Amino acid sequence: MSNKPGQSNPAKKIKYSHPQGNPSCSNCQDVAKKLDMVLEILAEHKVLLARLASQSIFVDEISIFPINSEEKLEEFDKSLETKTDPYMRQMKNLIESNPGRNLHKIFDREIIMNFNVDGTFGKKGLRDYGNVLAVILDVISTFSETPDKTLRDAFQRQKKKYFKQNSRNKGQNEEDDEER
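Per our numbering, the sequence shown runs over residues 1 to 180.
Worth double-checking, as some hints may not be accurate.
Said to hold, decoys possible - Each pair of labels, with its calculated beta carbon distance range: (1) 42 <-> 71: 41 to 51 Å; (2) 70 <-> 164: 22 to 32 Å; (3) 31 <-> 78: 58 to 68 Å; (4) 69 <-> 142: 24 to 34 Å; (5) 108 <-> 137: 14 to 24 Å; (6) 113 <-> 46: 41 to 51 Å; (7) 134 <-> 68: 20 to 30 Å; (8) 37 <-> 84: 35 to 45 Å; (9) 30 <-> 157: 50 to 60 Å; (10) 110 <-> 82: 20 to 30 Å.
Just so you know, the hints here were simulated from the structure itself, not pulled from any lab data. Bear in mind that the values here come from a model prediction, so they are computed numbers and not experimental data. A virtual CB, placed ideally from N, CA and C, is assigned to each residue, including glycine.
Generate the whole structure from the sequences, applying the supplied hints.
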């Protein structure tokens, strides 16, 4: 699709026509030209939206996420050797420009709690899964200038979230036990 007005378009072209035939004033002719340009742009947008819709249908079919075990993480790492694009699109949709809040949509609680980026402090390292790390850093780089730091912060935030949930649940369970 071309952005330049006046170039032929293989799709059916819609033209604005004045209700009273051929307008004679220059302002009417300018408005008609502008409307023609708007109609052409709308036609291009319709085609692009159709393409995006067909891509998102394919993306929705990937059901590997959230990755909930080390075995699945290993399988995912191997599958990224051959194809990355559909997974990257799916991960971008899941993260929704906020890795700190939405990392749990890619990695389940077990992965988040037992892993960190480097494998320090008794945790397993995401760096051991180079393809996964490269893809997730690439996805995060579309939202952040420092994807490595953003990923580390996202892991930390998700872990804090789980610890808070556990402490709230413990408090609720203790209250329930006292009532009995």
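Run the structure past the numbered hints and jot down the numbers of the failing ones, going up. Violated hints: none at all, because every hint is consistent with the structure.
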